[in-house]
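Chemist: Given next are the chains, with one letter for each unit.
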Amino acid sequence: MRRPAPARTGHLSHARVIRAPPPGGTVWTVATTTLVKGARATRSTIAIKLAMAVSGFVFIGFVLAHMYGNLKAFAGHDSFNEYAEHLRTIGEPILPESGLLWILRLGLVASLVVHVSAAVWLWRRAQSARTVKYEVTKRRHSSLSSRTMRWGGLTILVFLVWHLLNFSIVKVNPAGGATNDPYNLLVDTFDVWWMSLIYLIAMGALAMHLHHGTWSALQTLGLTGTASARSRAKTAGWIVAVVVAGGYSLVPLGVLFGVITK
Amino acid sequence: MNLTLKIWRQPHATAEGAMHTYAVGDISEDMSFLEMLDVLNEQLLGQDEEPIAFDHDCREGICGSCNLMIDGQAHGPEVTTSCQLHMRSFKDGDEITVEPWRSDAFPVIKDLMVDRSAFDRIIQAGGYISANTGSAPEANSVPVPRDQATRAFNMATCIGCGACVAACPNGSASLFMGAKITQLGLLPQGQPERDSRVVGMVGQHDHEGFGGCTNIGECTAACPKEIPLDVISQLNKDLRTAIRNGH
Ligand code: HEM
Ligand code: SF4
Ligand code: FES
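Respectively, the protein sequence lines represent chains B and A. So the first sequence is numbered by the numbering used here: it starts at 176 and just counts up by one. So the second sequence is numbered by the numbering used here: it starts at 19 and just counts up by one.
Please note: incorrect hints may appear among the correct ones.
With a straight-line Cα cutoff of 20 Å, these simulated SDA-like cross-link-like pairs (lysine to any residue) come out [to be verified]:
#	chain 1	residue 1	chain 2	residue 2
1	B	Lys212	A	His265
2	A	Lys24	A	Ser107
3	B	Lys308	A	Thr259
4	B	Lys409	A	Pro246
Short, incomplete list of chain B residues facing chain A, as computed with Cβ under 8 Å [claimed, not checked]:
#	residue
5	Val211
6	Arg215
7	Thr220
8	Ile221
9	Leu262
10	Arg263
11	Gly282
12	Ala301
13	Ala304
14	Lys308
15	Thr312
16	Gly400
17	Thr401
If you want the footprint, here are the derived chain B segments under chain A, 3+ residues with CB under 8 Å [claimed, not checked]:
#	region
18	230–244
19	335–347
If you are wondering where the hints come from, they were derived from the structure by calculation, not from laboratory data. Virtual Cβ for every residue (Gly too), placed ideally from N, Cα, C.
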């Protein structure tokens, strides 16, 4: 067999024959794969994952706080509306009206941009890492939630757009009533059964995302270096998922079952 | 037993490949999977056909070259290498699909053989310790606590087979890197180059085109040496520390 002289482009590089000679032919393709020089930790796939984990934790903090607010619906009309009002006046007079709310909003939007861009980047990277697919795959050792992070995340994103239109930016009352009273808007919305269903499905997607996401973020941060720490992180995933999705779902269920009324 | 095999055939790296179906008979359940393929190749030679190229060397589970995706599982249904997988794990009449590792960083050379030199380059980029040559130092001058030594040894059992990459839906080599990072990170000799090691290895990994890890866990289930997921946490932690130290 004839072998070409390896192409040398520097002392750290070497050549690799990626093409065997076609039967009877003499054409060779040589790919030179070099060793990376001056690699940067901050430019690595793991750095992207760290950004994803941190932004994910910002979301977890937010959804827990937001859930606490929602559960005020069980305390009645005035209590819920006072809380909504209070969010706008915290920090006054040091901060202008809605000042803290805007700081939180900006933080959340920044986290969302980071989280979603990292997700898209990793998604594309994974796709180009295996361009020829297997004929048969058996994935028996991973959770369904771990394998649906991307589509599940997109579901949450779509839901988020609707949710903001519904209650915040535009305020849409599917029952056709007034939109200037947060509590009444909430009850009107969930009185429409399919609206409640959309919210409950979104909470299912969120539960799955958090089930894997919580443990995954802890692992990405390097906090699961032993078998017991790993199993604790997985338990944490279950707890966060059940508490968050369960807590949010209580409100539409409360309206459907007539516990929360106008 | 009699089996139907569906096997990926590809004449060379840039040629088109396809699945081909073969029948083999008279397979003993004491044969290894590779011995079963040997029987098939004898049969193909007898028919003047090109035998199926597959990688192997030690046939005792230590070299890591016998990479086969068997029925959608790296190294097949048991936690072992393809050479240590026995035909008793299959039944008479089974149809078995055999494919090469699918990873753009491991290009197919021929049929079921892939080029795993990307792993060599990841090791070259930092997966070592630098030691002066000359007379060997006194072995007991650097004490290593026993549990640390044992754990380091367990991580050193990685044979670089690439099953973790093959099984990972993202095509990431994090388990492979994590095993080396954890092994050397547990030993005093591994400390001086600790930051540059992780940065170099991860940089090379990304450059080779492996995917990013999303902690799905298929790698550790496919690993014939049962390298645990903890090593990926250690890898991430070492990289985070390297960022903090200004790398
Ligand atoms: C807006 C659309 C979203 C998309 C497209 C998305 C997508 C993803 C993807 C692809 C991952 C990586 C999978 C992995 O690391 O295993 C991930 C991780 C994560 N996501 Fe999301 N997500 C979204 C929203 C959210 C929300 C609203 C939350 C919190 C309530 C969240 C919390 C997390 C956490 C904690 C992680 C783990 C980070 C890590 O593994 O390092 N995500 N997300
Ligand atoms: S970590 Fe396991 S699966 Fe991956 S290369 Fe090493 S021995 Fe093979
Ligand atoms: S041939 Fe060496 S591990 Fe299988």
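Chemist: Are the hints correct? Go through all of them and say.
Modeler: Checked hints:
no., hint, result
1, B/Lys212 with A/His265, "holds, 13 Å"
2, A/Lys24 with A/Ser107, "holds, 17 Å"
3, B/Lys308 with A/Thr259, "violated, 36 Å"
4, B/Lys409 with A/Pro246, "holds, 15 Å"
5, Val211, "holds, 5 Å"
6, Arg215, "holds, 7 Å"
7, Thr220, "holds, 4 Å"
8, Ile221, "holds, 5 Å"
9, Leu262, "violated, 34 Å"
10, Arg263, "violated, 38 Å"
11, Gly282, "violated, 22 Å"
12, Ala301, "holds, 4 Å"
13, Ala304, "holds, 3 Å"
14, Lys308, "holds, 7 Å"
15, Thr312, "holds, 4 Å"
16, Gly400, "holds, 5 Å"
17, Thr401, "holds, 6 Å"
18, 230–244, "violated (count 0)"
19, 335–347, "violated (count 0)"
Comparing the model with each earlier hint shows violations of hints 3, 9, 10, 11, 18, 19; every other hint is respected.
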